[in-house]
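Student: Residues per chain, in single letters:
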Amino acid sequence: MGDGAHQAGFIALALPFVAALLAPALTRLLRHHAAWILALFPAAIFAIVAGFADPVLFAQPVLFGFDWIPDLSIRFAFRLDGLSFAFALLISGIGTLIVLYAGAYMAGHPHQGRFLSFIFLFMGAMLGLVLADDLITLFVYWELTSITSFLLIGFDHEREAARRGAIQALVITGGGGLLLLAGLILIRETSGLGSLSALLGAGDVLRDSDLYMPILLLVLGGAFTKSAQVPFHVWLPNAMEAPTPVSAYLHSATMVKAGVYLLLRLNPVLGHTALWETILPAFGGVTLITGALLALKQRDLKLVLAYTTMASLGLLVMLIGAGSHAAIEGAVLYLIAHSMFKGGLFMVAGSLDHGAGTRDIASLRGLAGAMPVTFAAGLLGALSMGGLPPLYGFLAKEEIYAATAGLDVRALLLTAAAVAGNALMFSAAFLVGLKPFLGRRHDGLAHAHEGAPGLWIGPLLLGLAALFAGLKPTLAHFAFANPMASAALGSPAEIHAAVEFHWGAPLALSLLTVAIGVALYLGARRVHDVLHGGFTAIGWGPDRGFDQAMRGLLRGAFLLTHRLQSGRLDYYMTTTFAVIAVALLGSMAAGGGLPVLPAFPHLFFYEWTVLAILVVGVVLVLIAKNRLTAIVSLGIQGFAIALLFILLGAPDLSFTQFMVETLSVVVLALVMTRLRLQRADHRPWREVLPDMAVALAAGSGFGLFLLKVTQTPFDNALTAFFGEYSRTIAHGRNVVNVIIVDFRGLDTMGEIAVVMTTGLAILALIRIRVGRRGEPHPDMAEAPE
Amino acid sequence: MRTVIFRFTAPYLTSLMVLFSIFVLLRGHNEPGGGFIGGLIAASAFAIYGIACGVAPVRRALYFHPMAIAATGLLVSVSAGCISILLGRRFLTGLWTFPDVLGGIGLSTPVMFDIGVYLVVVGAITSIALALEEGDD
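So the sequences go chain by chain: C and S.
With numbering that gives the first Met the number 0, the residue at position 487 of the first sequence is 486, and numbering never jumps.
With numbering that gives the first Met the number 0, the residue at position 43 of the second sequence is 42, and numbering never jumps.
Simulated from the structure, these hints should not be mistaken for laboratory data.
Since this is a predicted model, take the numbers as computed values, not measurements.
Built from N, CA and C at the ideal position, the CB exists for glycine as well.
A hint or two may mislead.
[Stated by the list, open to error] Okay, the calculated beta carbon distance ranges per label pair:
#: 1; chain 1: C; residue 1: Pro594; chain 2: S; residue 2: Ser78; range: 20 to 30 Å
#: 2; chain 1: S; residue 1: Thr96; chain 2: C; residue 2: Gly698; range: 33 to 43 Å
#: 3; chain 1: S; residue 1: Trp95; chain 2: C; residue 2: Pro594; range: 40 to 50 Å
#: 4; chain 1: C; residue 1: Lys624; chain 2: S; residue 2: Leu12; range: 31 to 41 Å
#: 5; chain 1: S; residue 1: Leu15; chain 2: C; residue 2: Thr608; range: 43 to 53 Å
#: 6; chain 1: C; residue 1: Asp714; chain 2: S; residue 2: Trp95; range: 48 to 58 Å
#: 7; chain 1: C; residue 1: Leu71; chain 2: S; residue 2: Ser78; range: 54 to 64 Å
#: 8; chain 1: C; residue 1: Leu568; chain 2: S; residue 2: Ile4; range: 33 to 43 Å
[Claimed, not checked] From the derived model, a few chain S residues whose C-beta atoms are all more than 10 Å from chain C:
#: 9; residue: Thr2
#: 10; residue: Val3
#: 11; residue: Phe5
#: 12; residue: Thr8
#: 13; residue: Leu12
#: 14; residue: Val17
#: 15; residue: Gly33
#: 16; residue: Ile40
#: 17; residue: Ile82
#: 18; residue: Arg88
#: 19; residue: Pro98
#: 20; residue: Phe112
#: 21; residue: Asp113
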């Protein structure tokens, strides 16, 4: 492939983000008609991706990208093969319809532009995710879908439930993303390969590694949270707080399929092991049954669909884990069928809400006359979801039963789960796609009407597509299912499922499914009551568990913060000095670095005098009952040290020490008078003794540390350098000052910036104290006269 | 604290100390001293004046808010570092010139830098000290 092809790939990846930038302005200009123009963007992406059909459909993946962080061998690289081809077409194709639908559904909404912008951002993230070749690129887009879906679910941010749903989705899928990141890094480390293409060509390298199990579990953590497997499914129904176009998009072809995509993608390198074929069917099966049961418990059309989505995801995961060729083929067929019928049915539910003003199953009735087009779309969706011929869903179901049917225990379990789940979903499908339109319309729905074209074009087209694909299976298999299954299997696959009469286990199972499904549909009210009673009796569920976990996290954080940040100065000081003491003494004792105590030096009498002053100062600090006395005594000790510096030949240091001591005494005394403490310090010995111990430990730690430092051989290279060049280069005889302002000027610049900032901070602190006493501060009011 | 003697001598003491602080600042390159020490001396001078005669006269005498003085100092220091950039050298390179008219006294960017340090220290410490002293009024 030439550069032109690569450019086209990058353009397709960038188009959604361009559309996201344009959407708000266009919407302001053209109101909801802007959607018709904006829909051209995903349509163009669809065309670009479809343009790659020639190489991709003949098992020639297209690779493009560039180095991103070469030092870590991370690339910004993409791979277009059968799997990503089909996903990209689904994302952009359904995306086009969703944008049209959103234009009509959100017409007149004050933030429609923002909404469309979010949809495009999400589309861009999703597109990058399925096209990514480099593992880190994949992760970046993976997290981007979590973040953009957070924005979409929480779009209606003034409602508490929407905010909760958004945060829940972000915590669960984002947390899963972190697991995935760990898994991807492990993959990079163990295999040394950074891209999916390389991994797919590397055979058993991951299956043979010692880290196979952690890798698998981490990757599954990411996939299961994203694809809403039990017990991480709670975010999916709560995400229904989003406007319907979001549900139709995120929960049909995109967000929730990301996990399934990852499993299909990694099937050739991680699959076909006992662990894979145990965990996936187990989680998938439980999710399938749980989701299908929960779906029939609901009364809200959107929630019914949400839970059936969860069930469908369970079915897909179960099939991927089943391990056989036929199972993967069934999964691929079902995935395509599901994207079409679920997207369509969600839009139908939204149109019903829009046209009739309610989504309650019990009150929606007899709308066939008022909303005929929506009825047609809904019926097509339900037929496909129910797996009836001649729609595409039927092929998927046949293929699934062909894959699971068998006589050993495992096959029987899988088949039973598939039949039960499908039967439950069958009844749910017709509850959404048929029931609202039958019967006699009651007076409350008299105003029901068909919506704008945008509201029915999408679902109708998706329904017709499912019908067409069912009637012309060879073409659909050639363009979508075969390349997808080949990529997921790692070897060429040819699917033959077609709508034709043939006796066998699949047909018998299909008949069984339909029979149970019809019975459930007819007894829907009783089924609902039984399930509602059952789930209410259980009471606790992962959803409440999530709240409890979040509350526990917050409480833990509060406790910890309260413990660490008590707000008491003496606590902070004690902690700081205790840590310093432990760090100094502990490291010296453990490392065998204690200094050799020097011989006692001979001192002159004036040196003895200075030392005596120093000791007197320290003792006075300790025994002083009056705070002011203690502060002044501390000053005495400081001046003694300044004298020592003079005696030892460091006039600069001594000079500074004098000034610092003077100012500290002044400032401390001023602070003391402001704090209005008691003049005397009455503390019992049990409080003084621990402080004394900490002080002694920190002090002796520093002392020993300095002794040790002076005992190491002295490297005077710097002294020589500064001594030599301070006069010649920097024209200064005072080496200390030359270092401060010239040689190490940058350090000084940082230091004076700190002095300035600290000054501002202290000023603010002082002001706060003044403000609390309610006195106006003259500092602000006073202008120069 | 405010004895008559202290109040009477404080202005002279302060002026003397400020003068001395400038002397210390300027001689810093060759003898003990420099901007930091000079700044501390000047700050204590203003603190003494404030204790003796109250804060308002000090603020009047300083004319600018002490924090504005500190900010100016920071600006002066950074500008001193930038001059070398304008002349195509690296940031903070020390530049010297010895004009004939001053009789061999050198002008340099390090001295300018040191003046900035002096101003920052004077401004920051003085504003803290004055703010604290105001609490007593």
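Student: Going through the numbered hints above, which ones does this structure break? Give me the numbers in ascending order.
Tutor: 1, 2, 5, 6, 7, 15, 16, 20 and 21
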